[in-house]
Every structure is written in C-alpha cells, then in structure tokens.
Amino acid sequence: MAQPGLEKRTKTKVEDSSSLKGTLASVFLLGFFLIITWVGVFLLFLNRF
Amino acid sequence: MNAFTEKVNKIDRRDAKLGMAHFYVAFIGLFLGGMAGLLQTLVRSGQFTLPAGIGYYQLLTLHGVVLALVMTTFFIMGFQFMAVSRTAGTLTNKQRKTAWVGFWLMTIGTVMAAVMILLSEASVLYTFYAPLQAHALFYVGLTLVIVGSWTGGGAIIMAYVGWRKKHPGQPSPLLTFMALVNTLMWIVATIGVASTVLFQLLPWSLGLVERVDVAISRTLFWYFGHPLVYFWLLPAYMAWYVIVPKIIGGKIFSDSLARLSFILFLLFSIPVGLHHQLVEPGIDPAWKFLQVILTFMVIVPSLMTAFSLFATFETFGRSQGATGLFGWLKKLPWGDARFLIPFIGMLSFIPGGAGGIINASNQMNQVVHNTIWVTGHFHLTVATAVILTFFGISYWLIPHLTGRILTKAMNKLAILQGILWAIGMTFMSGAMHAAGLLGAPRRSAFSEYGGAAQAAEWIPYQIAQAVGGSILFIAIILVIYIFINLAFFAPKGEEEFPVGEAANTAEKAPMILENWKLWLGIVVLLIAFAYTIPFIDLIENAPIGSKGYKLW
Amino acid sequence: MHIHKFEKIWLIFGVATLLVFLSVIGVSAFYLGNQPPSCLATINPEQVDTQAPFDKPGLNKVEGKEWDYELVFVASAFNYTPGEVEVPLGAKVKVLATTKDVVHGFNVAGTNINMMLEPGYISEFVTTFDKPGEFLIVCNEYCGAGHHLMSSMIKVVE
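Residue numbers (the numbering used here), protein chains in the order written: chain A, 12 to 60; chain B, 927 to 1478; chain C, 26 to 183.
Bear in mind the hints are in silico, worked out from the structure with no lab data behind them. Possibly wrong hints are sitting among the right ones.
[As the list claims (entries may be wrong)] Using 25 Å as the maximum straight-line C-alpha spacing, the simulated PhoX-like pairs for lysine-lysine come out as follows:
1) K1476(B) <-> K119(C)
2) K1334(B) <-> K1434(B)
3) K32(A) <-> K33(C)
4) K1476(B) <-> K936(B)
5) K180(C) <-> K119(C)
6) K117(C) <-> K90(C)
7) K1338(B) <-> K1473(B)
8) K86(C) <-> K180(C)
9) K1256(B) <-> K936(B)
10) K1434(B) <-> K33(C)
11) K32(A) <-> K1256(B)
12) K119(C) <-> K1473(B)
13) K1092(B) <-> K1473(B)
14) K1443(B) <-> K1338(B)
15) K32(A) <-> K1418(B)
16) K1091(B) <-> K1334(B)
17) K86(C) <-> K119(C)
18) K30(C) <-> K1434(B)
19) K81(C) <-> K33(C)
20) K1334(B) <-> K1257(B)
21) K1418(B) <-> K1473(B)
22) K86(C) <-> K30(C)
23) K156(C) <-> K125(C)
24) K1172(B) <-> K32(A)
25) K81(C) <-> K180(C)
26) K32(A) <-> K30(C)
27) K1443(B) <-> K1334(B)
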C-alpha cells in the first residue's frame, strides 16, 4: 500500500506543499485563451455579411 | 518494487503478440498515410504535381482512411487490449481468440478498402458522402473493419465481466474501466455508420437499389463521426490520467473524477453529431441548437481533465520541493520522451479544444465550415494531441511487449521527433487556421480559382503548410525508425508498463460508476431525445433519392 | 467523491463561460434571426432547371418580400450557374442554391454565406451585401476530380 499521506506531511518549505494555486492559475489562463479565441471568431462573424 | 511484482506486471507473451500485431498494422498505416499527407501539402503549395496517374483525391482518400480510420483503430484496439491485460490480468484463451478474430477481420477489411482506393475505385474520401459512389468492395472493407472492432470490443467486455465476477463489489482497475467505456461508446456509435453502409450504401453500390437518401446517410454518418473523435481521444486521456502520472513519479489526482469524466464522455459524445451539419438544409435549426447545447456538455469533462493534469504535475513538483506559482513546472522530467511527447500533445489540445468550441458554436460555424481551418483543427486534436500521445505510449509499450528497452539514444531521438512534430504542426496547422479564416476550402487540390484575388492570398499559407508537412514527414520517419528499433533491434531488457496509483487510495470509487444498465440507459435516452425528431423529419420530408455518381 | 475547492471554482467558471457562449449565440440565432442556413424545402434534383426559382439563375429583383433580390445559383459538377454576378452594394438578398448531382459546398469566401448543397434540398441564406468588392465562391465539399476548379464570383458594386 502506498502512503501518500506521509509525503504530504514532510513539509520542506514554508509554503504549503499541497497547494494547487499553480493549477488554478494554469486552468484560468487556459480559460482566458478559450474566451479570447471564441470572442475573436464571434467578432469576425459579426463583421461579415 | 520487488522482482516478483515486476513479473506480475509484465504482459503475458501471448497477449504481447496480439498487441504487436495491431501495432505493426498501425505503423505501416502511419507511414503510408504520412507519405500521402506530405504529397498533399506539396501539391497544394502549387510547386509540385503528382507523378503518373495518381489523383490528388485518391491520395486524400488514402490519407484519411489509412490514418483516421485504420491507424487509429488498430493502435487503440492494441493499446486497450494491453491496458486490460496489464490491469485486469492476462486475457483468457477465449478472449484472446476473439481478439485475434477481430484483428484479422479488421486487417482483411483494411486491405480490401486500400486496394479499391489504389485501383481508383473509391476516391470518395474517408467520409464517403453519397451520392458519390465507390466500389462495393470499399464498403465491404469498411464494414469488416467495424465488425472486427466490435469483435475485439467483445473481448474487452468479456475481460471486464470476468474481472468483476472474480472481484465482487470492487471497482474495476482504472485502465480497464476506461478501456471499457471507450469500447461501449464505440459500439453504440458505430451502429450509425454500420446502418448507412449496410442498409443504404452497400445495396446501392451493388445495384440492388437505384437510389439513396443522401441526408439520412449523412446524418447516420455524423451520428458516428463525432464519437469517432472521442474514440481517438479517450485512449490519449487514459495515458494522461493514468500513465503519465506514474512516468513523472507522481500520483493520479483523483481516481473517481477520472472515472466520472469518462462516464460524461460516454453520455455526451454521441448525441451531438448535428454540430457537423450546422449549415445543412433539411434539419430544423432548433434541433441543431439542441445538439449544440449537448456538445457544450461534452466540454465539461475536458475541463475536468485539464484541472486533474495540472494538479498532478503541481502536486508532484511541490513534493519535490518546488515553490512559487509555477515552480513545479521545472521539476517535470523534460528529458523523458515518455513524458515530453504526450505533454506536447496535451498542450496542443488547448488550441485544439478552443477551435472545437468555435466550430460547434451554431451559426459561428458559417465562418469556418469546410474551410481548411477545420483541417487545421483536427490536425491539432487527433494528429497532435492524440497521435503524439500514442507515440509516447509506443516508446515504452513496444519495448515492454518485445522484451527490449528504450535506450538513451532512442529517447533522444524520440524527443527530437516530438519537437519536430511541434514545429511542423505549428507551421502547418497555424497556416491552415489562418487561411481557413480567409475562406480557403479544405479537401481541395491546388487551384488559382481563375486568378481570383482572394485565392492568391491563400497561396503563401499553402506554402507554409508544405513546409510544415515536410517537417512532419521527417518526424514520421523518425517515429518509424524508433518503432523498428524497439520492435527488432533494441537491447533486451525490461521496460516498465507504467500504471499510476491514485493520490488518495483510501477513497474508493463509487460503485454507481460501474452501473452500465444505468449509463447505457441514459445514453439511449439522450440519443433518442436528440435524434428521433430530426430523423422523423428527414424521413417524412425526404426528396427523391439520388443515383450514384463516379466523378473521379 | 471529493472535489478540490479550486476545481469547483474552475468548473463553475468554465460552465458559466460555456453558458455565456450559448446565450450569446442563442439570442443571436433565435431572437436576432442569425440562424445557420437550415432551409427545409425540397426539390427534385433531376428537374432543377425547370423549377422556379432555379429556372432563372442569377440576380432577380423581387417585390413584397423582406429582401430586395433573390440570388439564385445552380450547382453541378464542376460549376455554378451563374459563373459571375453583380450585386448592388447594400442590397438585401436571399441567396438560394441547390445541386443537380452530388453534394457541393457553397462558400462565399470572406463572408458568412457558407452552406452545404445537397441533392433534393434547397439551401438559402438571407444577408445584406454591405461591403463592396469581389467575393469568390468556392465549392468546399469534395465533389469529384474537378472539385478545386468549381467556383463563381460575386461582385458587389456601387
């Protein structure tokens, strides 16, 4: 049986080693990319006859 | 891990042979299809004409059939057999025999279809839209490929059922679960294409009936056509969710959420085919929009997947002492081809997915429909995200099966291959997206369209596509070289079949996720909801059918 | 099933974004009338030339309709009739097209006029030609050996 709990408890830095703030930032960057591209093509749709 | 478990985790030699048979066909297909693709981009640059008698559309048909239908299906079936054998235990003799029957049916079918294409009897592209009419043997060949995949799928279902019987009350191994979901989705989806081929196109090409209903045939095709792309994608997701975490030395972020996302794919990847038919006549726009909404539902599991993958990477990086917002990125094993190649695939799925949302956005489809933007789109999704992941899988799976190892030199070559792919595809797919927004059509040989100013604007992009296509072909040659090395020449040894463990092993996956009566019931209801009335409309208001045409 | 707080935030944001996309295109389609071309009318593909409006391909002025002109195209392998047409700038036009043989595409490059032509069905799209210039019509669905030669031209003139 693996013991992931043990790894998590060995904090080497001040920072919380289980933080997922980088993940949150990454998915939001991804989300903004989706929005920008979508809006771009939607504007193209609006501008064309 | 001790020597004993190492042995247990090694795929049985008889199963390995089954896997390798599939991979031989897949990689031969890759080479032929890649060659065709290279020639197409060269033709479209306007600087090259095809030698003696080869038609552009013949080549394009070969490219699509061999890569989109054959290479993918063979690789996926082979990979799924190996995943099941590895995680649910060696196949029984009956299961293996069934899988072999499937393999030979698919292979015979492939040869039949390929011969018809080479004889110029089937230049109908891989979508074979009626009323263009191919030789009957082309349709028979495709039917055999599908029936063969059902047979192989049967072996996977048998293996799953066998495991569950032996382990009552336990959730199935994650990879087996995922392979089963993809198999079930494939079987439900292929009913559509099998129906149009068996009941419409085959009798019509044999002259048994004179006319075919074009709109119904197309709608049946696209009932299959969209889940087809998820059939390609889900094996890549299997690797991303389960295998990549082990390769980097981390954990699966959440076993249950991975299963949930696969169930969502099963539910929502089928009742969405009308988003490929948004600008077609004969279908009520309200029903189109309904399927657009369902299409947007299938984006959600991909959003979940994105989070899980980033979380796996970040958790691993932080366990190695990474700090800051993005410090964990530095801890990832960039020098390991088994990680890097699928990772490039993951990245390419970001613009690929963004393009997909645009394509499916109802009237916005008018901006891009059937322009070369679409070609650019699926060369990011299937021809980068999926295929690079398949390559990444091959780089450990092939040596695992042949009892060899991926050497450092081959690993380096594989990394070069991945980088070349990324560069080549940036050129090719980027230029395709840009030209598509200007209106350049897909599936077309080089043309100046009578000197039209707009068509002249597209040509520089077509040259960029040829540059990208050439780089990609070099990468394909590297893949083939590495494949041959791993299959026949690499040093003997033990290459690991990596299977990740969940971060939280205490959390047992809810058993409701294995309730197939429930999920398949919902699948049927959703399909009935999305398709019944559009089909009744098409049948009730059907115009006179079409006779066959052979216009090539 | 445990879901991390950040994943909840992400999924709520993601789903909300998708709902906004759907609302925007839904309002545009159902309220402002920007539906994708979805004509439900059928026609006998073997008798296209004798049936109105396809017996008179080209630009036809009409009265008493929401649009000023009907621009009629007949497609067959590998050409469109008419092969070139002039449209006055600012005209509100209903574009009607159908095919006499196989499936063809009908894309006026650089515009939203992009629709499939299927044997037995009429395709139509109403728009206002509010930009001058030459617009190439290309067949963007494979129709046979001459597919890439199949084109027409719309000249929007003052």
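Checking against the hints above, which ones are violated? Those not satisfied are hints 1, 2, 4, 7, 9, 12, 13, 14, 15, 16, 19, 21, 22, 23 and 27.
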